[in-house]
Amino acid sequence: MTPLLEICGLHVEVEGREILRGLDLEIPLGETHAVMGPNGSGKSTLAHVIAGREGYEITKGIIRYGGEDVLELEPEERARKGVFLAFQYPVEIPGVNNTYFLKAAVNEIRKHRGQPELDAVDFLGLMRDRVKLLDFDEDLIKRPVNEGFSGGEKKRNEILQMTVLEPTLAVLDETDSGLDIDALRIVAEGVNRMRSPERSFLVITHYQRLLNHIVPDRVHVLQEGRIVESGGSDLALRLEAEGYGKAAAVTA
Amino acid sequence: MRETAAVEAHYRDEIPVRQGDPFAVRRTEAVREFFRAGGFPTATREDWRFSDLDGLGRTAYRRYSDVPTLVPPKTDELPEWVGDFGCRVLLSEGHPLNADEFQNRDGLEVGNLPSVPAADERHDWGFVAPGEEPGGTEADLDAPLRHPLEILNAGLFECGFRVRVGRSQDAGPILLYSLRHDVGHPAMLHPRSVIELAPGSRLTVVEAHDGVSETAGWTNPSTLCRLGENAELFYVRVELESGNIAHTGRVTFQLARNARVHSTVLSLTGGKSRTDTAAILTEEGAEVDLEGLFLGVGAAKADQHTLAIHAARHTTSRQLFKNVLSDEAVAVFDGKVVVAPGAIGTDASQANRNLLLSQKAAVHTRPRLEINADDVKCAHGAAIGRLDEDALFYLRSRGLGRMDSHEILVRGFAGEVVEKVPVAAVRGLAKEGLTRVRESRSFAA
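Chains as they are written, first to last, in the working numbering: chain A, 43 to 294; chain B, 4 to 448.
Same shape as in the complex, but just chain A:
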């Protein structure tokens, strides 16, 4: 069966500097994969390129999602096809109400799927439900997007958006950074609750800590723009004990 996400020989440059240097990665539908790597290994570039951010030059390679080459697709087209990126640094958007924004997003995606748009009442019902599950402060959904949110609230808002948008592929870019242990648990529970045979996750992280809570099917080590090692969830524990230098040595 075709993997949900298939990345082959991906080379990416940012302002003339090569960040990804022949990255290969496959995630079958229904699986959760972790990509771990030290700072500067290209983790966030990988997340942004999957989501379609401008400003990255793809010099070689291919990204297929659901069997389709998505490199030419705009970020919104990928999102409507079910790709979701939880940002490492969620953006504050003054003057734009969280609920209004999410309702517009949900309805764009529903329109794409040929589903009827949700009206205000249905949408609020959906939001209430999800807000409760995530132990999210209900007042926050009435505020402007991420404005004045604490670090933990921003990350929880990302997960809230994910649960409302119900993506097929969710990419979590260092969602654990800046979270205390309680917030980490809540975020992880939110993710675990969504795991299903119809959905895949790509969890990008620097630390093994998050993977105690979201146990991945596969772990990949990203170093200097390439996947240098892949293994089961125990690989994360070994990395934590031995550091990234060892992994590089193994492949050398």
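Bear in mind the hints are in silico, worked out from the structure with no lab data behind them. Take the hints with a grain of salt, since some may be wrong.
Chain B residues, not near chain A, derived (Cβ > 12 Å throughout) [claimed, not checked]: (1) W51; (2) D55; (3) D173; (4) G246; (5) R401.
Stretches of chain A that chain B covers, calculated by requiring three or more beta carbons in the stretch to come under 8 Å of a beta carbon on chain B [as the list claims (entries may be wrong)]: (6) 90 to 96; (7) 121 to 130; (8) 137 to 143; (9) 168 to 176.
The beta carbon of each residue, even a glycine, is placed where N, CA and C say it ideally should be.
Given chain A's structure and the hints, the job is docking chain B onto it.
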């Protein structure tokens, strides 16, 4: 260019002659004063650097009342939003359109200023006649009334609006709507309006200037708002004129003890406008919020001048002016705060924020503080920026289209001013303005 003497003669001929006008002599003096002080201000004057009116002086504008073919529009030809106001006063080409419908009850008086005021109403007209000693102190409290175009208005005014709210009354929203049309020759309008709030009263009022003209036109309205002790005014000014109409308008607030003003100027003009908003905080505890939003598309230009005079202790002024500029739109913000000697405990802030959506749009911003007292809090700042790329990607990554994402961010930026406007019909006009921004050539280009 025509000789100054000829221009002055032209405007003196345009002074309305009314049987029994007690101000006939003063009108002539005002026009003379205007020209003696230099006539139409040009860019060589500091306050007019970005709003050169030389062009106005070159055009022989005439009053509408000289046009025999004038046919006032029927009320059902007015834009739909006007119908949202239960209480409204309409001017067409400067002439009262619904003169019979004025509401005068329970201490509330809504109508037109008469074109021939009674002699004892001199005070109501609020202007300082040329040669008259300004009632000012060191803070020059009458500075706004000695604005050159205010003086010219005092010579040429014909009609306008009058609202009086009695003691402890709560009134509004009231619409004061002035509409003009293209009459095929350069026409000018000088409406003069007075809004008075008795102590403890409250009023929401919308003053709107509308109309389209391909022929050159000029609108030069003056509005004076006087607030008694503890009165509260929500004032919204909407500038909708487009085409080839130049707008030079002024609104001046005089506040007594603990009076409060919340003012919003919405420039939705397609033409060129300059608006001078002045607040004179004459007694302790007076507070003003002066806000403005310009949604500029095409070659539109809006010039916002503000003046907050803190003449007493413990007075507060907060200014927030925002501009959204697409295409070749130009915005000017010249904001001034004056703290008079002895006005301790003054709290003044001023912010001008600009969103540029096009390479060709431009902003000139100049905050000015004149502080002559100790123990005061004064803050000011200006920002000029483009839409945040991170925010655009964030929205698009959630499935929102490129154009929609741009629009959401622009609406968010404008919302800070729009959402505070206490009249739904006016918020609707701002939303229409935002739609024109989205449809502008440079949007998301």
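Here's how the hints hold up against the structure:
no. : hint       : result
1   : W51        : holds, 33 Å
2   : D55        : holds, 34 Å
3   : D173       : holds, 29 Å
4   : G246       : holds, 31 Å
5   : R401       : violated, 4 Å
6   : 90 to 96   : holds (count 4)
7   : 121 to 130 : holds (count 5)
8   : 137 to 143 : holds (count 3)
9   : 168 to 176 : violated (count 0)
Hint compliance for this structure: hints 5, 9 are broken, all remaining hints hold.
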